[in-house]
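J.: Quick mapping for you: the protein sequence lines, in order, are chains P and G. The opening residue of the first sequence carries number 710 in this note's numbering; numbering runs sequentially from there. The opening residue of the second sequence carries number 272 in this note's numbering; numbering runs sequentially from there.
Mixed in with the good hints there might be a few duds.
List time: in silico EDC-like cross-link candidates among lysine to aspartate or glutamate, alpha-carbon distance up to 20 angstroms [unchecked claim]:
| id | chain 1 | residue 1 | chain 2 | residue 2 |
| --- | --- | --- | --- | --- |
| 1 | G | 314 | P | 899 |
| 2 | G | 314 | P | 906 |
| 3 | P | 916 | P | 899 |
| 4 | P | 807 | G | 319 |
| 5 | G | 303 | P | 897 |
| 6 | G | 314 | P | 919 |
| 7 | G | 314 | P | 822 |
| 8 | G | 303 | P | 822 |
| 9 | G | 314 | P | 901 |
| 10 | G | 309 | P | 901 |
| 11 | G | 314 | P | 897 |
| 12 | P | 875 | P | 787 |
| 13 | P | 881 | P | 729 |
| 14 | P | 875 | P | 780 |
| 15 | G | 309 | P | 822 |
| 16 | G | 303 | P | 899 |
| 17 | P | 808 | G | 319 |
| 18 | G | 309 | P | 897 |
These aren't lab readings, by the way, just hints derived from the structure by calculation. Values in this document were obtained by computation on a predicted structure and should not be read as measured data.
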Amino acid sequence: MSDATASQPAPFPAAGNITDAEREELRRHGILLTSLEELYNWGRSNSIWPLQFGLACCAIEMIAAATARFDIARFGAEIFRPSPRQADLMIVSGTVTKKMAPQVVRLWNQMPEPKYCIAMGACAISGGPFKQGYNVLKGIDRFIPVDIYIPGCPPRPEALLHGLMKLQEQIKAERLSGPAQARHTRPEHESEFPVPEYGAHDLVPPKNPDVWEPPSAPPHA
Amino acid sequence: MQSHPYAFLALFLAVAIAFPLIMLGVAALWVKFYQAPKPGPRKNATYECGLAPSGDSWIQFKAHYYLYAILFLIFDVEVLFLLPFAVAFTGLSTGALAAMLVFILLLAEGLVWAWHRGYLEWK
Chain P
710 MSDATASQPA
720 PFPAAGNITD
730 AEREELRRHG
740 ILLTSLEELY
750 NWGRSNSIWP
760 LQFGLACCAI
770 EMIAAATARF
780 DIARFGAEIF
790 RPSPRQADLM
800 IVSGTVTKKM
810 APQVVRLWNQ
820 MPEPKYCIAM
830 GACAISGGPF
840 KQGYNVLKGI
850 DRFIPVDIYI
860 PGCPPRPEAL
870 LHGLMKLQEQ
880 IKAERLSGPA
890 QARHTRPEHE
900 SEFPVPEYGA
910 HDLVPPKNPD
920 VWEPPSAPPH
930 A
Chain G
272 MQSHPYAFLA
282 LFLAVAIAFP
292 LIMLGVAALW
302 VKFYQAPKPG
312 PRKNATYECG
322 LAPSGDSWIQ
332 FKAHYYLYAI
342 LFLIFDVEVL
352 FLLPFAVAFT
362 GLSTGALAAM
372 LVFILLLAEG
382 LVWAWHRGYL
392 EWK
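Please put together the full structure from these sequences, using the hints given.
T.: Okay, structure coming up:
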């Protein structure tokens, strides 16, 4: 709101030549200006329905976030759906074992666009304390695109709510056209993600190269 | 002007039909202009809690539960009708009495059948 200046292009095409300061002034006088894009993002950022599943102890914190003390309903995200067809958000809450990873990726495939993914906790991000082990996937972002990473072991419910607010900000920043166009509205965006198989030694394939590449070694000074 | 007392039902019906049609229309326009559908074999696969789906989702369902449906009708639904029947018993016309008797006898026949087949025995 405050960082927009006259030299920058208008962030909302439908709002035309009006600056954010002018919009704010109009709003103070009871006149609301909006665009289709804003209305669309406002609606879906305040009704994010998560998929109802939990993988490990992070799920307990996720459940706590849904109860009265933390009350995820304040953000419109309390409707945990038991079917991926009705869900917008996948909260990967906990350790993804290699045996579980194909199921998680398959569920991600079965969710309709627009869909978002939160990797909750150290295990979902990188394997966490089991990273050196043989049976835990070292980060769900090897197979599906993760929008929000929430560190912690496990993260407290407030951290999950913070992540949810960040996701809401991200959704509100998405555009229907231009460089910031939302990925689900791009015709070329791939909506199918290969489901790995639980092989003899590792997942086959061990990663989705379209989504994740191993980090290269940092350049030595 | 005196409108028909049930005219509002016609209004309800019109709104009930128009509302979903408008919603579906808006969704169709959205698909046309902004978000093209991207179906695929993995996305459209049968949902089985994340496991690999096996077989078709259009399966034949065993009809063996018809027995419980019949017994439920006899012991539960019949009571629902027997109570108002008993309350209004003295003031019933012959036609209503006959209709009710047909209903009770039909269900009683089902009870006799189930009893005869031994379905009332707890096994």
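J.: Evaluate each hint against the coordinates.
T.: Here's how the hints hold up against the structure:
For the suggested pair residue 314 of chain G and residue 899 of chain P, the alpha carbons sit about 11 angstroms apart, so the restraint of at most 20 angstroms is met. Note on residue 314 of chain G and residue 906 of chain P: the hinted pairing holds, with a Cα-Cα distance of about 17 angstroms set against a maximum of 20 angstroms. Proximity of residue 916 of chain P to residue 899 of chain P is assessed by CA-CA distance (about 16 angstroms); at most 20 angstroms being required, the pair is judged to hold. Between residue 807 of chain P and residue 319 of chain G, the direct Cα distance comes to roughly 19 angstroms. Compliance with the 20 angstroms bound is thereby established for this hinted pair.
Between residue 303 of chain G and residue 897 of chain P, the direct Cα distance comes to roughly 15 angstroms. Compliance with the 20 angstroms bound is thereby established for this hinted pair. For the suggested pair residue 314 of chain G and residue 919 of chain P, the alpha carbons sit about 18 angstroms apart, so the restraint of at most 20 angstroms is met. With a C-alpha separation of about 10 angstroms, the suggested pair residue 314 of chain G and residue 822 of chain P falls inside the 20 angstroms cut-off, and the hint holds. For the proposed pair residue 303 of chain G and residue 822 of chain P, the alpha carbon gap of about 15 angstroms is at most 20 angstroms, so the pair holds.
A C-alpha spacing of about 7 angstroms is found between residue 314 of chain G and residue 901 of chain P, which places the hinted pair at or below 20 angstroms, so the restraint holds. As the CA atoms of residue 309 of chain G and residue 901 of chain P are separated by approximately 9 angstroms, the hinted pair is consistent with the 20 angstroms bound. Between residue 314 of chain G and residue 897 of chain P the CA atoms are separated by roughly 16 angstroms; this keeps the pair inside 20 angstroms, and the hint holds. Taken as a hint, the residue 875 of chain P and residue 787 of chain P pair is honoured in the structure, with Cα atoms around 16 angstroms apart against an allowance of 20 angstroms.
For the proposed pair residue 881 of chain P and residue 729 of chain P, the alpha carbon gap of about 15 angstroms is at most 20 angstroms, so the pair holds. As the CA atoms of residue 875 of chain P and residue 780 of chain P are separated by approximately 17 angstroms, the hinted pair is consistent with the 20 angstroms bound. With a C-alpha separation of about 9 angstroms, the suggested pair residue 309 of chain G and residue 822 of chain P falls inside the 20 angstroms cut-off, and the hint holds. With a C-alpha separation of about 18 angstroms, the suggested pair residue 303 of chain G and residue 899 of chain P falls inside the 20 angstroms cut-off, and the hint holds.
Straight-line distance between C-alpha atoms of residue 808 of chain P and residue 319 of chain G comes to about 16 angstroms, which keeps the hinted pair within the 20 angstroms bound. This hinted pair checks out: residue 309 of chain G and residue 897 of chain P have alpha carbons roughly 10 angstroms apart, not beyond 20 angstroms.
Of the numbered hints given earlier, the model fails none.
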